[in-house]
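Enquirer: Produce the complete structure using the sequences and hints provided.
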Amino acid sequence: MSTSVPETAPQRAAAGLLDPQLLLAALPDAVRKLDPRVMVKNPVMFVVEVGSVVTTVAAVADPSVFAWAITGWLWLTAVFANLAEAVAEGRGKAQADTLRRARTESVARRLTDWPAGAAEEEVPGTALRLGDHVVVEAGQTVPGDGDVVEGVASVDESAITGESAPVIRESGGDRSAVTGGTRVLSDRIVVRITSEPGRTFIDRMIALVEGAARQRTPNEIALNILLASLTVVFLVAVVTLQPMAAYAGAPQSTVVLVALVVALIPTTIGALLSAIGIAGMDRLVQRNVLAMSGRAVEAAGDVNTLLLDKTGTITLGNRQAAEFLPAPGVDVGRLADAAQLSSLADETPEGRSIVVLAKTGHGLRARARGELAHAAWVPFTAQTRMSGVDADGRQVRKGAAGSVANWVTGHGGSVGTEVTALVDGISAAGGTPLVVAERDGGGVPRVLGVVHLKDVVKPGMRERFAELRRMGIRTVMITGDNPLTARAIAEEAGVDDFLAEATPEDKMALIKKEQEGGKLVAMTGDGTNDAPALAQADVGVAMNTGTMAAKEAGNMVDLDSNPTKLIEIVEIGKQLLITRGALTTFSIANDVAKYFAIIPAMFAAAHPGLRHLNVMGLHSPTSAITSAIVFNALVIVGLVPLALRGVKYRPTDASSLLARNIGIYGLGGLAVPFVGIKLIDLAVQFVPGLS
Amino acid sequence: MGATPAGWLQAIALVGALALCHRPLGDHIAGLLTSARHLRAEKALYKAVGVDADADQRWPVYLRSVLAFSALSVLFLYGLIRLQTHLLLSLGVPEMEAHQAWNTAVSFTTNTNWQSYSGESAMGHLVQMAGLAVQNFVSAAVGIAVVAALVRGFSRHRTDRVGNFWVDLTRISLRLLLPVSVLFALVLAANGVVQNFHGFEQVTTLSGGQQSIPGGPVASQEAIKLLGTNGGGFYNANSAHPFENPTGFTNLLEVFLLLVIPFALPRTFGRMVGDHRQGHAVVAVMGLFWAASAVLVTFFEHQHSGSALQAAGAAMEGKEQRFGVAASSLFAASTTLTSTGAVNSFHDSFTPFGGGLTVFDMMLGEIAPGGTGSGLYGMLVLAVVAVFVAGLMVGRTPEYLGKKLGGREMKFASLYILTTPTIVLVGTGCAIALPGERAGMLNDGAHGFSEVLYAFTSAANNNGSAFAGITVNTAWYDTALGLAMVFGRFLPVVFVLALAGSLARQRPVPASAGTLPTHGPLFVGLLSAVVLIVVGLTYFPALALGPIAEGLH
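Chains as they are written, first to last, in UniProt numbering: chain A, 1 to 691; chain B, 1 to 553.
Mixed in with the good hints, there may be bad ones.
Unchecked claim - With a cut-off of at most 30 Å between alpha-carbon atoms, the simulated BS3-like pairs for lysine-lysine come out as follows:
hint : chain 1 : residue 1 : chain 2 : residue 2
1    : A       : K458      : A       : K513
2    : A       : K519      : A       : K458
3    : B       : K411      : A       : K33
4    : A       : K41       : B       : K411
5    : A       : K454      : A       : K519
6    : B       : K411      : A       : K519
7    : A       : K458      : A       : K648
8    : A       : K454      : A       : K359
9    : A       : K648      : A       : K41
As the list claims (entries may be wrong) - Just some of the chain A residues that point at chain B, by a computed CB distance under 7 Å:
hint : residue
10   : V123
11   : A248
12   : M471
13   : G472
14   : I578
15   : G609
16   : L610
17   : A654
18   : S655
19   : L657
20   : V687
Stated by the list, open to error - Some chain A residues flagged as far from chain B (calculated, every beta-carbon gap over 12 Å):
hint : residue
21   : P36
22   : E120
23   : R129
24   : D156
25   : S158
26   : A327
27   : R352
28   : H374
29   : T384
30   : D390
31   : A400
32   : H411
33   : S414
34   : G442
35   : N529
Derived from the structure by calculation, the hints contain no laboratory data. For glycine and all other residues, C-beta sits at the position ideal for the given N, C-alpha and C.
Expert: Structure (C-alpha cells):
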C-alpha cells in the first residue's frame, strides 16, 4: 500500500493532471513492475524489456556511447510504460485510503433472539454473519451492510459518498439499505446484516478503486491480440532482415536491430493500454459511480437503449401547478387567492407548488396559518383527497376533481359544463386537474376554477435526448402514469418511446425484447422490485439510496443516487473505447516516420540511393536511430495525461466522430514523429559519440 | 494512333467491360451460392459421391472438406505427373523429378500455378488436360467456396452452419467456371489461340533452319487459366507466347478474364449480406489499388534512364512488341494484383520501380481484386481489422455488418494478416542466408535480392508469376516454395473459416447512428489506408533492400 500519498489526496482528484508528487510516488512501483512475471502479461512491453536485456548484454560486451544510449532509453521506455500504469493505480489508491479510514474496526451489538427479545451481546464487526441482527444507535457506526428492519434514523454516509448531508434510512420500502462504515446520527435502528465479513460494499469499493479486482475487458483482450500479432509481424520482419542486410553487405549490430524492433512494435498503445482502462474506471469513481467490473463500463459505451424512470430522471420529482384556469365569470386573481388559501394546509409538494405559483404568478404573499383567526384547517389526506380551510363562515376547498365535485353537489351546487370541459382538457393533455370551490355561510357552493398540475421536465433534458439520438441511443421513458399522461410528457421531453403503467414485469419484458433484437440496454433502479430488471439489463445502475437487493443486482452503483447520470456513464464508456482506438491509430501511424529515420541510417552505406529516404535530414546514422528511440520513449510520457483524462468525447454521429479522430490521431500520428524526431536529432547530434 | 492514347482506350474498354459484368455476374454467383435447387447433373454427382447436398456443415467440417479435397488433389496430381511417361499422350516428355512434381502438384492445387518447369517440354497433353486444367477449375472454385462461407458468416445469424463445401464446389465449377470458360475458349480459338492434339511439329523456316513447333489443347486451358486466376501457362512463355496470346485483342480479353470474377464477387457479397453499398465500398478499394498500380507501372515503364532505353523510347526489354508498354504494364499490374501470375512480359526486366510495384502488388496479399474468392476474403479480413480500430474510435465495441468483433474474431483476423508476411520473410531470409541457394540468382546486388523476394512473395501469396532470372528448379527451392504455397493457401483458409464460424454464431446488432458506417468514402479511404500501412510497414525493410535501393541511385 502506498502510504506516501499526500494526506490531501482528494476524494475526487482532478482528472488528467499529472501531479509531480504522484509521479514520484509511482516511480518505485514502476520499477517493481519490471519483474518479467508481471511484464509478460503485456506482450508489447515484454518484448521491449527482453530487448533492453539484450542490448544491455551487447553494450557490456562491446561498449560504445551509442550502445549505452540506446540501452538506457530502452529501459526508460519500459519504465515509462509501468509509470503510466502506476500513476493510474496511484490515483485509485489515494481513494482507497480514504475509504479504508472509514472501515475502522467497529463493535457490533448483536441481538441474539431478535425479534422475540432485546437480548444483545457485543461482538467485533468482523464476526458478524449473514442474517445476524444488530442494533445501532445515535453516534455509532453501522458494523456491516444490511437492511433496516426496525426503526428510522438519519445516517451520515459521507465516508462513502463524500456528501455531508445526512440521509434518512427506515425499515420497509426502498430506503432501507445501510452501508457498513456509515454513522447513525440520530435514533435507533435494527439492521439485518446482508454481507459476509470482507465482502462488504466498502471492501468491494476498495478493491475496485485499487484495481485489485481489475480484469481485462473483452475489448481490451481483442485489442491486445491485435497488438500482439503486430508485434510478432515486426519481430519477424526485423529478424529476417539480418540475412538480407548481410547479403547487401551491411550486417547490423544487435543494438540497431533491437532498436528497430522497439521502434516498430506498437509501444505507445502497449504502454498506455492498462492505464487507459484503470483511468476509465477512475473517471466513473470521480463522478461517484462504482462500476463492479470493467466489462460493465465497456458495455455502457455500447448501449442502444436507455430506460429512464420518468420521475426524478426526466421530470422533477413531483407535479407542479402550472396555471390557474378560472370558471366563467370568476376573476383569475380570486381563483388564485382561493387556491392558495386552501393549499396552506396541504403539505404535499403539489400543494406547496400552488402556493408558490399564486405568489410568483399573481403576487399573492403566502399567508402563514396563524394570520387567519378562527380558521379551521382541513389537511389533505389520501382519503378525502381535498384540503381547505373554514374561516369566517367561508369554506374553501381544493382537491381532486371528483372529490371536489362530490363536495359541491353534496351541498346542493353543481360543477357546470365549462369547468368539466376544463378538467377533461387538462386530463387529456396529461396533466392533473385540481378543482377549487368555495361556499359562503352555508350557501350553495360555487366552483371557482381549476388548477393545472403538470410534470415539469428538467431543464436541458430535451437537448440531452437529442444528443443521445445523434449517438444512436434510443431513450424509453418508464412511468406508472396512464398512457395519455405518459405520451404528453414523452413528447414534451423528447424521448423516443415510453412505457406507461409500467409494472416491474413490463420493464423486464421490455428489456428482454430489446435484447432479443441484439440491443444492449441500460437502466437505473432503486427498489427491490427493480432488482430482476437491474440484473437482466446490460448496464444496471443502482441508486445508493436504494435497497441492498437493488445494489447487489446492478453492475454499477451511483453514490449520488442521480438517475440522470446514466447518460454520463454512457459517455465515459464510449470515451474509454475512443481513447484506446485513438492511441492505437496514433501508435501505428508513428511507424512511418520511424522507418524514414532508421532504414536509411541502416543501409545508406551499402545502398547510397537510400540516403534519399532520409527526408528529415537527420545528422548521422547513430543520431537518427537514437532520436527515433528517444522519441518513442518520450511520446509515452507525453501521452500519459491523455490516457488518464481520455480523449474528448462529443456526442455526435459515428461518421463525424471517426473523421475527427482519424484527422487528429491518424494524420497527427503520421506528422508528429517527423517533427519530434527531427527536433530530438538537433539536440542529440551534439552528444559526443552519437554524431 | 500513338501508344499512350491506345493504352488509355484499352484501359477504358477494359473498365467498361468489367463494370458491365459486375452486376449480372455477381448476382449470378450469389444466386448459385444461395439457391436451394440442384441441377439434375449435380444430383447425380452428389449421389455418386455420397454427399447429402441439403445438409449444411459446421465450419470445422467445411474446413476438413476443403483440406481433404485439396490433399487428394495434390496426391492425384503428383501421381499423374510422376506416372505420365507410362500414360497416353505423354509426347515422350522425360519423367519429372520428385521435388519438381511435388512443387507442381502443390502449385496447381493452391491456385498458385508457379511453374518451375517449362510447359511444352515437361508436360504431356494428358497431364495438361486431366491434371492441370482440372485443378485450374477446382482450385478456383475452392477459393470462391471459402469466401462464400465467410460471407454466410456475416449474413447468417445464430447458426453453426456455414454451407456445404461439396455443393459450393460443384455449383461454382458447373454453373460458373465451366460455361464461361467454354464460351471464352471459343472466342480465343477464333482469334488464333491454338487448340489441337498435335505434338511437336518439325518445320523448315523461310531461312532454311529447323524449328520445332508445339501444338496442344491451348485455348481450352487458356480461358480457365485466366478466369480462375490460375496463371499456369501451357507454354513456358505463358501469355507472351503467340499461341497463347496472339493479338492485342486476345491480350485485352485475357486481362478482362483474369479480373472479371474477382471484381464481380463484391457484388455477390453485397447481395448476400443484403446491402449493396457494402459491396460497393469493397469494390471501390479494390479498384483504387488496381487503377493506381496500373497507372504507376505504366508510368515507370515509360521512365528510362539508360541509353538503350532512351533509344527504344521505353523499357522494352522483356516485353512483346505486339503489346507494347501500356498493354504489358496493364497485364503486369492486373496479374500480380489478382494472384493469377500469368505474364505477357517479363517482370525481371521491368524498371526497378515498375518491377518493384509488381512485388508490392503481391505483398498487398492478393486482395485488389485478388484471386477468385481469396481476394474477397483477404479484403474482408482487412476490413475486419480496419473496422476494429476505427470502431473503437467511435466509442463502441466494433461491429462489421452487425457482427461484433471481439477477441475471437480478432484472433483469427490477426493470425490471417500474420501468416503470409511471415512465410515470405522467413523464406526469403533463409534463401538469402544459404550460400547454395543464393547461387540461383541471375543478378547480384539489389536486383538479385529482388528475384528471391519476388519468388517467395509470389509463392506465399499464391500468385505464381516469376521474376524470371532466378533458377528455382532445385530441390531446395522446389520444396521451400512448395511449403510456402501450401501454408500461404491453407493457413489463411483455416483462419477465414474459423472467423466465418464465429461470426455466424452471433446475434446481429442493429445499426444505429452510433454505428460506424462501413460504406461511403470515409470507410473506403480508411480501408485503403489500413491495407497500405499494414503491408507497407511489414515489407518496407525488405523492399528498401531490393527495388527501392535499386531504383534510388
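Enquirer: A separate judgement is required for each hint: does it hold in the structure or not?
Expert: So, going through the hints one by one against the coordinates:
1. A distance of roughly 29 Å separates the Cα atoms of K458 of chain A and K513 of chain A; the hinted pair therefore holds under the 30 Å criterion.
2. Of the supplied pair hints, the one linking K519 of chain A and K458 of chain A holds, its CA atoms being roughly 27 Å apart against a limit of 30 Å.
3. Taking the CA atoms of K411 of chain B and K33 of chain A, the gap is about 27 Å. The hint holds against a cut of 30 Å.
4. Only pairs whose Cα atoms come within 30 Å are accepted, and K41 of chain A paired with K411 of chain B is accepted, the gap being roughly 17 Å.
5. With a C-alpha separation of about 33 Å, the suggested pair K454 of chain A and K519 of chain A falls outside the 30 Å cut-off, and the hint is violated.
6. Restraint check for K411 of chain B and K519 of chain A: the C-alpha separation of about 24 Å stays at or below 30 Å, so the hint holds.
7. Pair hint K458 of chain A plus K648 of chain A holds up; C-alpha atoms about 26 Å apart against a cutoff of 30 Å.
8. Restraint check: the Cα-Cα separation between K454 of chain A and K359 of chain A comes to about 18 Å, which is no more than 30 Å; the hinted pair holds.
9. The hinted pair formed by K648 of chain A and K41 of chain A meets the criterion: a straight-line CA distance of about 29 Å does not exceed 30 Å.
10. Because the beta carbon of V123 of chain A sits about 47 Å from the nearest beta carbon in chain B, more than 7 Å, this interface hint is broken.
11. Of the supplied interface hints, the one on A248 of chain A holds, with its beta-carbon coming within about 5 Å of a beta-carbon of chain B, less than 7 Å.
12. For the restraint placing M471 of chain A at the interface with chain B, the shortest Cβ-Cβ distance is roughly 5 Å, inside the 7 Å limit, so the hint holds.
13. The interface hint given for G472 of chain A is met, as the beta carbon of that residue sits about 3 Å from the closest beta carbon of chain B, less than 7 Å.
14. Look at I578 of chain A: its Cβ gets to within about 5 Å of chain B, closer than 7 Å, so that hint holds up.
15. Hint status for G609 of chain A: holds, given a least beta-carbon distance of 3 Å to chain B, under 7 Å.
16. The beta carbon of L610 of chain A is positioned within 7 Å of a beta carbon in chain B (closest approach about 6 Å), and the interface hint is therefore held.
17. The interface hint given for A654 of chain A is met, as the beta carbon of that residue sits about 4 Å from the closest beta carbon of chain B, less than 7 Å.
18. Because the closest C-beta pair between S655 of chain A and chain B is about 6 Å apart, less than 7 Å, the hint holds.
19. A cut of 7 Å between beta carbons decides the hint on L657 of chain A: the least distance to chain B is about 5 Å, and the hint holds.
20. The closest approach between the C-beta of V687 of chain A and any C-beta of chain B is roughly 26 Å, which is over the 7 Å cut-off, so the hint fails.
21. With 12 Å as the threshold on Cβ separation, the claim that P36 of chain A sits away from chain B holds: the shortest Cβ distance comes to roughly 24 Å.
22. For E120 of chain A, the condition that its CB be more than 12 Å from all CB atoms of chain B holds, with the nearest at approximately 52 Å.
23. The beta carbon of R129 of chain A is kept farther than 12 Å from every beta carbon of chain B, the shortest such distance being approximately 40 Å.
24. Once the 12 Å rule is applied to beta carbons, D156 of chain A is consistent with being away from chain B; the minimum gap is 38 Å.
25. Even its closest Cβ contact with chain B, about 34 Å, leaves S158 of chain A beyond 12 Å, as expected for a residue assigned away from the interface.
26. For A327 of chain A, the requirement that its beta carbon stay farther than 12 Å from each beta carbon of chain B is met, with the minimum near 49 Å.
27. Consistency note on R352 of chain A: stated as away from chain B, and its beta-carbon is indeed over 12 Å from all of that chain's, at 42 Å minimum.
28. Non-interface call for H374 of chain A relative to chain B: holds, since the shortest CB-CB distance, roughly 65 Å, exceeds 12 Å.
29. No Cβ of chain B comes within 12 Å of the Cβ of T384 of chain A; the nearest lies about 50 Å off, and the non-interface call holds.
30. No Cβ of chain B comes within 12 Å of the Cβ of D390 of chain A; the nearest lies about 60 Å off, and the non-interface call holds.
31. The Cβ of A400 of chain A lies farther than 12 Å from every Cβ of chain B, with a closest approach of about 43 Å, so its non-interface assignment holds.
32. A cut-off of 12 Å between C-beta atoms confirms that H411 of chain A is not in contact with chain B; the least separation is 59 Å.
33. The beta carbon of S414 of chain A sits about 55 Å from the closest Cβ of chain B, which is more than 12 Å, so the claim that it is off the interface holds.
34. Every beta carbon of chain B lies more than 12 Å from that of G442 of chain A, the smallest distance being close to 66 Å; the non-interface claim holds.
35. Consistency note on N529 of chain A: stated as away from chain B, and its beta-carbon is indeed over 12 Å from all of that chain's, at 28 Å minimum.
Of the numbered hints stated above, those contradicted by the structure are hints 5, 10, 20, listed in ascending order.
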